[in-house]
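Protein chains: 6
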Amino acid sequence: MNKIKLKSMLESFFLEDIGEGDLSSQALFTQKDRGTFYFMMKEDGIFCGRDIIETGFKIQNDGIQTEVFVQDGDAVTKGQTIASIEGPMADLLQAERVVLNLVQRMSGIATNTHHVTQLVRETGVRICDTRKTTPGLRMLEKYAVRSGGGFNHRQGLYDAVMLKDNHISFAGSITEAVKQVKNVHGHTVKVEVEIETREQMHEAIEAGADIIMFDNRLPQEITEWIQEVPAHIITEASGGITLDTIIDYAKTGVHYISLGYLTHSVKALDISAKVQFDKAALL
Amino acid sequence: MNKIKLKSMLESFFLEDIGEGDLSSQALFTQKDRGTFYFMMKEDGIFCGRDIIETGFKIQNDGIQTEVFVQDGDAVTKGQTIASIEGPMADLLQAERVVLNLVQRMSGIATNTHHVTQLVRETGVRICDTRKTTPGLRMLEKYAVRSGGGFNHRQGLYDAVMLKDNHISFAGSITEAVKQVKNVHGHTVKVEVEIETREQMHEAIEAGADIIMFDNRLPQEITEWIQEVPAHIITEASGGITLDTIIDYAKTGVHYISLGYLTHSVKALDISAKVQFDKAALL
Amino acid sequence: MNKIKLKSMLESFFLEDIGEGDLSSQALFTQKDRGTFYFMMKEDGIFCGRDIIETGFKIQNDGIQTEVFVQDGDAVTKGQTIASIEGPMADLLQAERVVLNLVQRMSGIATNTHHVTQLVRETGVRICDTRKTTPGLRMLEKYAVRSGGGFNHRQGLYDAVMLKDNHISFAGSITEAVKQVKNVHGHTVKVEVEIETREQMHEAIEAGADIIMFDNRLPQEITEWIQEVPAHIITEASGGITLDTIIDYAKTGVHYISLGYLTHSVKALDISAKVQFDKAALL
Amino acid sequence: MNKIKLKSMLESFFLEDIGEGDLSSQALFTQKDRGTFYFMMKEDGIFCGRDIIETGFKIQNDGIQTEVFVQDGDAVTKGQTIASIEGPMADLLQAERVVLNLVQRMSGIATNTHHVTQLVRETGVRICDTRKTTPGLRMLEKYAVRSGGGFNHRQGLYDAVMLKDNHISFAGSITEAVKQVKNVHGHTVKVEVEIETREQMHEAIEAGADIIMFDNRLPQEITEWIQEVPAHIITEASGGITLDTIIDYAKTGVHYISLGYLTHSVKALDISAKVQFDKAALL
Amino acid sequence: MNKIKLKSMLESFFLEDIGEGDLSSQALFTQKDRGTFYFMMKEDGIFCGRDIIETGFKIQNDGIQTEVFVQDGDAVTKGQTIASIEGPMADLLQAERVVLNLVQRMSGIATNTHHVTQLVRETGVRICDTRKTTPGLRMLEKYAVRSGGGFNHRQGLYDAVMLKDNHISFAGSITEAVKQVKNVHGHTVKVEVEIETREQMHEAIEAGADIIMFDNRLPQEITEWIQEVPAHIITEASGGITLDTIIDYAKTGVHYISLGYLTHSVKALDISAKVQFDKAALL
Amino acid sequence: MNKIKLKSMLESFFLEDIGEGDLSSQALFTQKDRGTFYFMMKEDGIFCGRDIIETGFKIQNDGIQTEVFVQDGDAVTKGQTIASIEGPMADLLQAERVVLNLVQRMSGIATNTHHVTQLVRETGVRICDTRKTTPGLRMLEKYAVRSGGGFNHRQGLYDAVMLKDNHISFAGSITEAVKQVKNVHGHTVKVEVEIETREQMHEAIEAGADIIMFDNRLPQEITEWIQEVPAHIITEASGGITLDTIIDYAKTGVHYISLGYLTHSVKALDISAKVQFDKAALL
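Chains as they are written, first to last, in the numbering used here: chain U, 321 to 603; chain E, 321 to 603; chain Y, 321 to 603; chain C, 321 to 603; chain F, 321 to 603; chain A, 321 to 603.
Keep in mind the hints are simulated off the structure, nothing from the lab.
In this list, chains with the same sequence are indistinguishable; a pair is considered to hold if it fits within one copy or across any two.
Heads up, simulated BS3-like pairs for lysine-lysine below, C-alpha to C-alpha not over 27 Å straight-line:
no.	residue 1	residue 2
1	K398	K594
2	K378	K327
3	K484	K352
4	K378	K352
5	K398	K484
6	K323	K378
7	K352	K594
8	K499	K594
9	K502	K484
10	K594	K484
11	K323	K499
Work out the full structure: start from the sequences and follow the hints.
See below:
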């Protein structure tokens with residue numbers, strides 16, 4: 321994770337929520353009124369978001385003390401206290417919602433990713449994400465996928481080539497599309513080709529694809545075709561794969577299964593904040 | 321929706337996805353290679369995101385022609401074509417994913433909100449959102465809630481006062497907390513008070529709260545207590561309300577029910593893009 | 321005040337004044353040349369701007385030590401030393417003008433607001449600002465109004481509804497305009513209606529306005545009409561109110577008087593900076 | 321004026337006022353509801369702000385048609401219509417306040433500057449501004465000074481050297497200060513020296529100052545001393561000069577008089593907006 | 321090239337050069353004074369920068385008409401007119417220097433890259449850049465390398481793994497370093513390993529490196545060792561390669577030679593601007 | 321140098337290089353793995369870039385300890401250690417390339433500038449830069465010119481007037497052009513006029529130019545003409561001056577020689593980084 325970028329993201333998120341100021345806190349608290357927040361899990365799951373907690377509250381006030389008791393990727397259970405944060409009440413309350421919104425979302429992604437990886441853990445297949453992330457949050461969501469035991473597909477349009485049906489139709493053939501790509505791009509760029517038939521698969525192999533993606537294929541098709549893929553080429557299955565069918569895909573022998581819903585349809589993992597006022601503050 | 325802000329948000333989202341450039345398209349297309357995208361629903365639901373489609377593609381290239389066939393809030397059905405977008409292939413492909421990520425998310429929120437409002441449609445209660453939105457997307461997510469027939473709670477910490485248990489404990493009492501708020505803030509600011517007991521409710525009424533929020537109360541409690549709330553005070557129920565129990569809360573007579581999961585746990589509504597190459601382009 | 325936003329504002333203000341560098345200081349001082357600035361009032365008034373002094377100099381150099389001897393809203397007198405700032409001369413001189421430009425303006429607003437509130441102090445009316453603030457400085461100017469004993473009207477177009485003559489004409493009637501607003505907006509949004517006749521006032525009351533604004537009415541009109549406004553509705557007078565007539569408006573019984581000139585026509589409160597070089601620096 | 325910078329400034333000002341959206345307009349207008357605004361002077365004065373009107377409304381919606389009937393620097397009179405703006409009502413209303421806040425302020429500065437220049441018009445002295453501008457608005461305020469017939473002093477710390485008492489004390493002498501500056505800076509940088517005694521004036525001349533500034537001197541002192549300033553050196557008077565005494569300073573023979581209050585204590589020039597709905601829109 | 325990013329870059333570059341305004345032009349031209357610029361080569365070379373010219377002038381004023389007569393990568397000769405730009409003189413002059421600074425630099429890079437590729441054209445080796453680009457200009461400089469017939473190495477730290485001596489020492493061995501990387505990163509990430517000995521080369525191959533980089537090796541070493549590299553692994557030479565020795569490296573059989581000086585030590589290609597005033601403008 | 325601006329520049333440069341994260345480091349290091357970098361000269365030259373090293377690494381992690389052993393402008397020799405930087409390995413590696421890219425470039429400029437000044441050191445002429453700097457880096461490049469013993473010409477279009485052939489043709493004459501400029505601009509703005517003939521020179525002097533620039537003149541022309549320039553006017557030679565001819569120009573008696581290639585064609589000064597792992601880290 322790029323912390324310079326994280327800081328900048330958090331600042332813009334706080335500006336969105338706080339605007340011209342927190343009307344409630346500014347009427348009730350002075351900077352001398354301090355307290356301690358305890359973040360507590362309200363559900364079991366996989367935690368993700370240490371950096372959000374540590375960096376987020378510091379942005380509000382660098383005198384805030386945070387302690388996070390768990391690591392990203394740790395299993396946590398309902399009722400478990402995962403962090404304490406001490407500082408001026410007004411600053412804590414201003415940061416709380418944004419931090420929790422992020423941590424709950426990231427933990428939700430990590431939890432779901434972990435769940436999926438457990439379903440296929442005996443096959444050795446790797447579960448990976450897609451570009452179907454929430455705009456503006458890709459760095460955090462892809463981090464959460466890793467924390468849950470998953471892997472990242474390309475970050476964006478800029479770090480790998482994916483030749484989909486449209487590219488291929490336009491170029492005329494897989495062979496031609498791969499050739500054009502290789503004429504333009506250097507050696508650090510991987511080229512992935514989506515295929516739908518065995519013939520396309522062989523054309524992609526011949527053309528020099530680094531990765532073959534079986535697009536909306538049946539497990540039995542993949543199982544059969546994959547025998548003919550040379551060892552140094554990586555394989556991926558994608559499209560129409562559900563929790564019910566994932567184990568069938570995992571058993572085909574593909575190296576990766578990519579799933580859009582890891583990031584596009586996320587259930588936040590519930591976390592609550594309990595507050596303890598500092599005694600001195602209440603005297 | 322503030323379109324100046326929307327444009328700035330979309331630009332930053334495109335930068336996230338495109339980075340230094342779209343490796344795939346730049347190898348295969350010139351600016352003369354044109355085509356038309358058709359966005360087609362893959363599920364039934366409520367559409368939301370006209371402005372995203374119209375503004376998003378224009379940011380890539382202001383020569384792109386977009387036509388959106390549905391209005392925000394319209395019911396759409398699987399297989400329905402909702403928009404056509406014509407322009408240079410490279411520009412269309414660069415914008416596609418970001419636009420769809422947003423539209424699918426917003427339509428998911430609108431669909432879910434609509435579903436909830438239908439459950440309680442005979443009671444006249446209004447369903448509203450919370451601050452549990454995705455950081456960076458609040459304007460869009462709150463817009464989607466409205467498109468689905470819901471209402472917006474406050475936008476952020478800056479446009480209304482909510483006195484929660486922590487504020488009240490710190491101030492010493494509801495009476496004192498409301499008094500401090502009214503000493504500081506002017507007449508355009510609404511003051512909402514969370515209450516957990518009938519006594520607190522009466523204290524809030526006496527103190528001059530504009531909105532009483534029943535926090536994690538049972539439907540029967542609300543039904544009983546609400547009889548004692550003067551007509552000019554607005555009531556809201558929140559906390560622990562599920563799709564199974566929402567009708568019971570709706571029947572209590574509260575004006576608003578607020579639900580965090582409208583925005584924090586969203587299932588994207590699936591939309592696909594079909595491409596037609598312009599004939600000239602392929603000659 | 322949102323300190324994350326304040327910091328960002330101050331940085332942009334320093335960039336405006338310093339540009340590529342302070343030509344004068346960079347030719348004369350090294351980072352070892354240190355001194356102390358004393359800010360001294362050159363006029364009587366109400367001080368406002370602690371955060372500007374404390375945050376502003378820290379942005380230049382977080383080793384600078386600032387001490388502000390007065391609180392926002394304190395009465396200060398000519399000759400009074402209000403702050404000391406110690407650090408490298410070059411950094412002090414780079415920050416001085418921007419900090420003073422802001423503090424003098426904010427103190428000017430606080431002083432003027434205080435003056436107006438004193439004119440009407442026996443009536444209990446509250447003086448409030450408008451949206452006629454300096455673009456880019458609204459947060460600071462509205463804060464200064466509060467420091468001078470005034471109150472804030474809405475922050476912007478986004479946090480309350482004001483139905484003016486144009487909105488009403490377009491909707492067809494106050495009744496229709498309020499109805500449309502209430503159909504769209506939730507319970508945290510106040511609705512204010514500008515009225516010019518007694519009939520409009522009654523229409524606004526019936527329609528459910530939260531705030532009635534007497535727009536360019538005579539004090540005697542207001543005094544008469546206001547008898548018929550229910551207790552739970554807030555009243556405001558605005559338009560054409562001068563320092564000479566304000567007491568007459570204050571005696572009408574309105575809750576609020578809003579004045580554009582609190583922020584649109586400000587006389588800065590003069591403050592000078594005296595410098596003491598650290599002995600060591602001059603050896 | 322740098323229009324790229326102006327556009328960026330206006331965007332940030334609109335974001336400040338509009339935030340997540342204009343609650344009033346979005347409830348009442350569709351994009352098809354159009355109208356025409358007429359800006360009308362409510363006071364006599366000097367107009368300034370064509371670019372604000374033309375660029376501002378275009379930023380909201382580039383289909384808005386603006387026509388400004390006066391030039392920057394033109395004398396305008398109460399009741400005069402200075403501009404018409406036609407477009408969607410919602411866009412017009414969103415832009416109106418920010419545009420007027422700026423134009424009223426700039427016209428106030430131009431009017432005041434013009435007034436001052438008229439007081440001394442027979443002497444040939446030039447009136448100029450200082451760095452006591454509103455943070456964030458310097459480009460616009462300095463432009464307004466020019467529109468009113470004044471001249472600009474340096475833009476900031478970066479485009480000319482001013483040696484004030486602190487610089488001189490620290491360097492040890494004017495001679496030494498000027499020498500250090502000339503050792504470091506190139507030939508495009510003017511060096512101005514503030515002097516308080518005739519000896520200092522001569523020292524500055526000897527040292528090679530380009531501009532001599534008489535700091536808080538009496539008119540008779542300046543009249544006398546200025547005889548000894550070589551023709552190629554420019555002179556300026558500053559400090560404690562009021563509208564009552566300015567003619568005395570103007571007659572001393574100085575080339576420039578700089579006045580902080582041209583920009584730090586501005587009375588906005590009042591302008592109102594009248595609206596005409598397009599007939600079609602009301603059918 | 322990402323045009324949204326390009327536009328944002330150009331805006332910031334214009335702000336750097338124009339600041340508060342072009343003092344010279346604003347004194348001499350009105351918006352009605354128009355002219356035509358002709359960009360003419362003052363040296364032979366390879367042109368690069370169409371988008372800079374087309375986008376740059378449009379940012380100043382979208383009514384400016386640009387015509388660029390050459391394509392990126394075209395050979396151009398001294399005296400050749402490469403573009404014409406017509407519009408208001410003030411806008412042309414404001415944009416000229418920034419546009420030329422970029423185009424001259426990019427053309428310098430393209431020319432130099434082309435020169436290098438010609439030296440080795442018979443060997444089939446590909447010449448590529450490094451991360452030694454000018455901060456802030458990487459997208460443009462890497463584009464220029466491609467225009468000159470070169471290829472891009474990774475864009476930054478984020479799109480490929482390079483294991484250098486420090487990474488390897490820290491991990492303990494190449495085997496361990498590659499293993500750790502493969503445990504964490506997905507299938508779209510290439511892994512390059514720098515090696516200095518034949519043993520390291522074999523270890524890298526065994527570990528599954530995608531690319532082997534011969535770091536500061538002699539041509540004869542590479543020629544010998546490279547026989548033992550499997551066909552599907554890409555090879556690269558880097559370090560201490562000069563124009564005198566590059567042919568020797570090219571003949572070793574490596575696929576890529578990377579050269580920092582393509583971008584870190586650039587000689588701009590000289591281009592001048594000739595102006596023709598529109599007749600009407602001079603009447 | 322404006323350090324607020326420097327910090328902002330460095331942050332954007334790091335974002336360019338690091339993007340979503342350093343793939344290599346994040347796989348191999350934890351925050352506990354620390355080391356020390358030593359920057360060592362690989363060539364003789366003039367060092368420039370202390371602030372880059374000190375500020376750059378702090379932005380990554382404010383716990384990093386930097387020590388720079390040389391001052392900007394110091395002569396350094398091959399093999400000399402110029403700085404040590406201690407902190408977490410991942411943070412050091414993320415910052416290294418960007419910092420070195422800048423320091424090498426700035427040192428290259430300082431070295432080259434120094435070289436040129438040495439060629440003419442006995443003549444007293446001052447060498448200065450132009451606006452032909454790398455877009456986005458002007459502040460740093462102009463600083464580097466000063467560190468090498470050169471001087472800065474104007475920073476941009478905003479801080480001095482330069483009347484070139486186009487301005488003069490358009491205005492009709494030098495006399496008219498200077499007059500128009502003096503009518504508009506105040507006393508802190510220097511006016512430079514480019515001349516090509518002796519007549520133009522005299523016209524510029526009469527018109528009141530502050531600086532006369534001999535544009536593409538022969539040394540003998542300048543030598544002759546310059547006799548007729550009054551003492552208080554500064555002279556500059558520019559255009560077509562090479563390292564071979566510069567001494568001839570220096571001997572003409574001009575005050576300044578401006579050279580575009582000081583900044584537009586820079587050879588970076590090579591610096592390498594050696595790493596020492598902290599023992600503890602390796603245990």
